[in-house]
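Trainee: Read top to bottom, the protein sequences are chains D and L. Each residue of the first sequence is one higher than the one before, starting from 1 at the first, in our numbering. Each residue of the second sequence is one higher than the one before, starting from 1001 at the first, in our numbering.
A couple of the hints might just be wrong.
Listed next, the in silico DSS-like pairs over lysine-lysine satisfying Cα-Cα at most 30 Å (straight line) [said to hold, decoys possible]:
#1 D:102 x D:43
#2 L:1043 x L:1102
#3 D:43 x D:72
#4 D:20 x L:1102
#5 D:20 x L:1017
#6 L:1102 x L:1072
#7 L:1020 x L:1102
#8 L:1017 x L:1102
#9 D:43 x D:17
#10 L:1017 x D:43
#11 L:1020 x L:1072
#12 D:17 x L:1072
#13 L:1043 x L:1020
#14 L:1043 x L:1072
#15 L:1072 x L:1017
#16 D:102 x D:72
#17 D:102 x D:20
#18 L:1072 x D:72
#19 L:1072 x D:102
#20 L:1017 x D:72
#21 D:20 x D:72
Stretch by stretch, here's where chain L covers chain D in the computed footprint (C-beta under 8 Å, at least three residues) [stated by the list, open to error]:
#22 37-50
#23 73-79
#24 89-102
Here chain D is said to cover these stretches of chain L; the calculated rule only asks that three of the stretch's residues, wherever they fall, bring their Cβ under 8 Å from a Cβ of chain D [said to hold, decoys possible]:
#25 1015-1028
#26 1076-1082
#27 1085-1093
Keep in mind that the hints were calculated from the coordinates and are not lab data. Glycine included, every Cβ here is placed at the ideal spot set by N, Cα and C.
Protein chains: 2
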Amino acid sequence: MADHATTIANYVEFLGKEDKVDDLVALFSDEATVEDPVGTDLKVGPDALREFYGTLPGAGVVGTLIGPVHVKDDQAAFLFQIEAMGTTMTPIDLMTFDAEGKITSMRAFW
Amino acid sequence: MADHATTIANYVEFLGKEDKVDDLVALFSDEATVEDPVGTDLKVGPDALREFYGTLPGAGVVGTLIGPVHVKDDQAAFLFQIEAMGTTMTPIDLMTFDAEGKITSMRAFW
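The following block holds chain D by itself, in its conformation from the complex (with noise of 0.2 Å):
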């Protein structure tokens, strides 16, 4: 398996990419939880991610992680830039991983 900051480091890359979704949701556990932003309603499991992740590249969101990115065990938080519409913002992510690496949940601090 790919060690968390491997499996981040991925996910930043990937967002927004059209030719990205599904290796992106394939990073997610099939239960996996996405709060995105904290405090909005979860979304659970590949349909869910996939139909919330296919809208990133028609917004033109480009993900690059400028860290840092602190891994402990199987939690981490970590700092990208997400690049939209002519707006550059610094979201903060959490992310838990089960034993085979995958995410098991996301929540999003922007």
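Chain L: place on chain D using the hints.
Mentor: Okay, now just chain L, sitting in the frame of chain D:
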């Protein structure tokens, strides 16, 4: 009550200041938990927090908020910098807050 961003700014500023340990602990609720680093045992309540934060001045800790600070309702995530003993680190902290604006939990990713 202070807004959460102000509480976070005070928290980082107070870190490592000998005469600000009590002010720092007063930012937390009486039942607050601190998990620092993530994965270690929780420190719970004012006495445990005073002991924990009371060690920082002796270590020469200086905290600087470098951002971003993301607040969403009663939760926040932020990036800051710690200098101590010639080393610079950039932890990401997560906090939750109660209705009075007191910090109810802090989790630190290093």
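Trainee: For a quick check of understanding: which of the numbered hints are violated here, in increasing order?
Mentor: Going through the list in order, the structure violates hints 4, 5, 10 and 25 and respects the others.
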